[in-house]
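Novice: Respectively, the protein sequence lines represent chains Y and F.
For the first sequence, the tail end lands on 278 under numbering that gives the first Met the number 0, and the numbers increase by one without skipping.
For the second sequence, the tail end lands on 249 under numbering that gives the first Met the number 0, and the numbers increase by one without skipping.
Among these hints, one or two may not hold up.
[What the hints assert, rightly or not] Chain Y stretches covered by chain F per the calculated footprint, using a threshold of three residues with CB under 8 Å from any CB of chain F:
| no. | segment |
| --- | --- |
| 1 | 100-111 |
| 2 | 122-134 |
| 3 | 207-220 |
| 4 | 251-260 |
[Unchecked claim] Okay, the calculated beta carbon distance ranges per label pair:
| no. | chain 1 | residue 1 | chain 2 | residue 2 | range |
| --- | --- | --- | --- | --- | --- |
| 5 | Y | ILE35 | F | ASN175 | 29 to 37 Å |
| 6 | F | GLY60 | Y | TRP140 | 58 to 66 Å |
| 7 | Y | ARG188 | F | ALA64 | 48 to 56 Å |
| 8 | Y | ILE46 | F | GLY25 | 51 to 59 Å |
| 9 | F | GLY44 | Y | PHE189 | 44 to 52 Å |
| 10 | F | ALA64 | Y | MET49 | 26 to 34 Å |
| 11 | Y | HIS202 | F | LEU99 | 49 to 57 Å |
Since the hints were derived computationally from the structure, they do not count as laboratory data.
We put the beta carbon where it would ideally sit given N, CA and C, even for glycine.
This is what each chain is made of:
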Amino acid sequence: MSETQIEVPVETFPIHKEKDPSAQTSKLPPHRIVLILIGLALVASAIFFMRWDWLPNYGDLILQGLWRTIWILCVTVFLGFLLAVPLGLAQAAGPAILAIPARAFCTVIRGTPLLVQLWLLYYGLGSLFPQYPWIRGSELWPYLRQAWPYAVLALTLSYAGYEGEVMRGAFASVPKGQLEAARAFGMRRFTIFRRIWLPQAIHRALPTLAGEAVLQLKSTPLVATITVVDLYSVASRVRQDTFLTYEPLLLLAAGYVVITGIIVYLFRRLERLIPSKLG
Amino acid sequence: MADASIIPAAITGMFDLLSPVAPGWGANLLRGLIRSLQIAFGAFGMGLIIGTFGSYAKLYGGPIARDLAAIYTTLVRAIPELVMIILLYYAGTDLINRILEGMGYQRVDISGLVAGIVVLGFVQGAYATEVLRGAIKAIPQGEIEAARAYGMSPVLMMRRITLPAMLPHALPGLANLWLISTKDTALLAVVGFSELTLETRQAAGTTKAYMTFYLAAGALYLFITLFSSVILEWVEKRARRGMPSVKEAR
Chain Y
0 MSETQIEVPV ETFPIHKEKD PSAQTSKLPP HRIVLILIGL ALVASAIFFM
50 RWDWLPNYGD LILQGLWRTI WILCVTVFLG FLLAVPLGLA QAAGPAILAI
100 PARAFCTVIR GTPLLVQLWL LYYGLGSLFP QYPWIRGSEL WPYLRQAWPY
150 AVLALTLSYA GYEGEVMRGA FASVPKGQLE AARAFGMRRF TIFRRIWLPQ
200 AIHRALPTLA GEAVLQLKST PLVATITVVD LYSVASRVRQ DTFLTYEPLL
250 LLAAGYVVIT GIIVYLFRRL ERLIPSKLG
Chain F
0 MADASIIPAA ITGMFDLLSP VAPGWGANLL RGLIRSLQIA FGAFGMGLII
50 GTFGSYAKLY GGPIARDLAA IYTTLVRAIP ELVMIILLYY AGTDLINRIL
100 EGMGYQRVDI SGLVAGIVVL GFVQGAYATE VLRGAIKAIP QGEIEAARAY
150 GMSPVLMMRR ITLPAMLPHA LPGLANLWLI STKDTALLAV VGFSELTLET
200 RQAAGTTKAY MTFYLAAGAL YLFITLFSSV ILEWVEKRAR RGMPSVKEAR
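Chain F extracted, bound-state conformation (with noise of 0.2 Å):
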């Protein structure tokens, strides 16, 4: 009975916290939530120039630039992320500034953000490549023939035909691609970007009431899930009209 009396001052206390007002660690939480959104949509952007690419070269590329591809998916899909963040971040920028002092140029300071995109947009791409050559390989051959035999140049074909053929059947693995970029930022953490989850590690170590932030952030990170399927199930309707459901073609 003592319970009625605490649980709702523990939830005025929960709010207390989360407003977004001076007192309250809300504003930081949002302001993660926005960084943690950037990462997530450069590096998927750098993910799909990366993976054009790279399904082009596994794809159309000579013996030297498809092993190449093939190295890159590899190695990237077997190193655990948080290894090639690590990876990259420090030693990639510790690379960069030794390269440009050998060149007798001053150190640059790469930003977190930056960092925090190429490194992701990386290991992105490799996954991309893989979705997207299986989304070229989908195409009716016919289709990619008639462009040839009209004699279009490889980048006119690539940008009337292929790519947006190929759009349909990479949808659902792009979009599984897109919730495995949000999620992924969460990693930058480690290295002290400070994206959603570290906003909730400094505001929950500060206040002390871990359950209460860890909540929210999941909750973020679930609307942010929930939001994006709903967009990305209407973008691949729309993308799929007039094509054969998935259901009964499978």
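So that you can see chain Y by itself, here it is in the shape it has in the complex (with noise of 0.2 Å):
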């Protein structure tokens, strides 16, 4: 295939100057400086004012629990996605016998809380699992004995459910010129899909996977409820051992925006590397 060159619309006529509004207010008006001060003083005065002596005994714990968080996120996204892209092609293009239980599932998954779906796997299965003793003889054992497999089963399935409706979406508005041209071409069909469809659709669904990427994180702190030890049973550990009611919660709260704005930034990069033209 010949490297074809990428066409930069030129501008005869600023059309697209509304259309980003951040450039214009890039100068930094006053207001926004005093906001600024505003902030900086609310900052210095919870580190003066609040107790951070506790912050040193527990710097291990906290570092481990924040390893704990971004590893369950990036683990289940992964695994979410690889598990999405069949379900949501299952919807968009697939026979019946395969649409139908895909869009159950995608149904089920968007139609009950995250929390219900947690317990229901770790204590519901949890509790069935030792009745059978070939599950309790087999070598999977010692770790379905820990919270953690399930945690990641459960925010996987979550994040399928979600970006298997996404991708749904994704699959569907790949213009068929595209996948019509890719046939003419004779290519066989895992081909088009490799080289055509899901590239395309990927392209499509990056705007909404990054806030997926970013919904997924808020939710982690739900497996601190099954006791496994991520940022947020840390904090929450802090708080039992130290009686401090802000302090923890305003770190943890900290904590939790610096990893959405690095996992927005990462996915803006990505997004950046795919050359695309406005309409």
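Assemble the dimeric complex from its two separately framed chains, guided by the hints.
Specialist: Pasting the structure below:
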């Protein structure tokens, strides 16, 4: 395939002037300087007037919790996306025998709270498994007795359910002509999927994927309710140990804001890698 | 073959556990369901009110109001709901009581219902702000300009033109928010408010029939979702009558 030059539209009139309002306000108007100063004053007063002496004692634990949160987030987003692609494809183009179960799965996952799903898997399955001797005897048993496999499973299924719906829309919105052209080239069906359909669908779904990844980060603290030690459960342990109400929670919230910022930044970089023309 | 005799017994046992009369736990689940729905309704309504003000601040507000609204929506959408709930539920009630004591009043006991509604409403407000802002921007500019040319006051314009005209654009987003609101009520189980999920947990913990009760709770939540999406679809169809369909417009 030959490399085609990507056209950059030349604007004779600045028609997209209003497109990026942040460019206009980048000069930092006075009111914003005042707001930033107020924000800095709040942060400074929080540092000076609140108690942070517990922080060094819990440094290791906090890092461990942070790592656990990020690990769970990455693993479940990756596995969930792998599961979402077939779910979306089945709903967008599959035969009814695949489309209906996929649709039912997405509806059930999207229609029930994640907390109930998590507790159903952990307490429900966890209470069923020990009744069967062959499960107790299997090599997986040491893992099934821990909490994190259930956390990973529940978050993966949840992400797949939400993302399957997004991928269905993305697969359906790839123009028919693209697929017909690929077929006219004599590509096999899997090649069409790999070269044309999937990349374009992912490109279309990318902004939504970023939002869903942030939502997934926001649902990771739920795993603390089934005794997985993540960032949130570290914070609640600090609260129990030190009887401080605000400090651990504020730090926790700040931590999540920072992680969200990193996710949004990474996805924006990813989006910029794909050249696209504004219609 | 032994299963054939076990399964019916297991199923009848399940129905005994779920029956609404005394030995069964059905009544507890239903009470929890009603509490969940109360909170979901309250939070959604409060979210709509906050969202209306927030979207007006974002669109028509001065520079400071605009920045404050942006900070509010950004922070709420970046901090996990569970953390927000803990923060506002414990820290918020503590803060209110400290302020009241500082002003020389008695401490007040804030009921779980009110606290839950306020907390979830605060979270919903951020999302509603974005939904309503998009919907107001989707109104043809001429309609608002015409209203202004008639000399309507901003409140009258909001009541007569902006809110009715934006409704069809906002409904899909608001429908989504309502579904999120029903599911977010489950998070209040973590702070010990006995809504459907916590009632389920207590019933399951007492009877050790975890699978039965969690499946039942899941079925109840799913029923709420499916039932409300049928109604919301009907409302949306009614609100959009005479307008081109969404599919063609895309």
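Novice: Could you run down the list of hints and mark each one as holding or not?
Specialist: Against the structure, the hints come out as follows:
1. Using a Cβ-Cβ cut-off of 8 Å, 5 residues of the segment 100-111 of chain Y lie near chain F, which meets the minimum of three, so the contact claim holds.
2. Counting residues of the segment 122-134 of chain Y whose C-beta sits closer than 8 Å to any C-beta of chain F gives 6, which meets the bar of three, so the coverage hint holds.
3. With 6 residues bearing a CB less than 8 Å from a CB of chain F, the segment 207-220 of chain Y meets the requirement of three and the coverage assertion stands.
4. By the rule of at least three residues with a Cβ nearer than 8 Å to a Cβ of chain F, the coverage given for the segment 251-260 of chain Y holds, with 6 such residues.
5. Checking the proposed 29 to 37 Å range against Y:ILE35 and F:ASN175 shows it holds: the Cβ atoms sit about 34 Å from each other.
6. About 59 Å separates the C-beta atoms of F:GLY60 and Y:TRP140, a value consistent with the hinted range of 58 to 66 Å.
7. The supplied range of 48 to 56 Å is met by Y:ARG188 and F:ALA64, whose beta-carbon atoms lie about 55 Å from each other.
8. The hint said 51 to 59 Å for the Cβ distance between Y:ILE46 and F:GLY25, and at roughly 52 Å that hint holds.
9. For F:GLY44 and Y:PHE189, the Cβ-Cβ distance of about 51 Å falls inside the hinted range of 44 to 52 Å, so the restraint holds.
10. A hinted range of 26 to 34 Å for the beta carbons of F:ALA64 and Y:MET49 is consistent with their spacing of about 29 Å.
11. Between Y:HIS202 and F:LEU99 the beta carbon distance is about 55 Å. The supplied range of 49 to 57 Å therefore holds.
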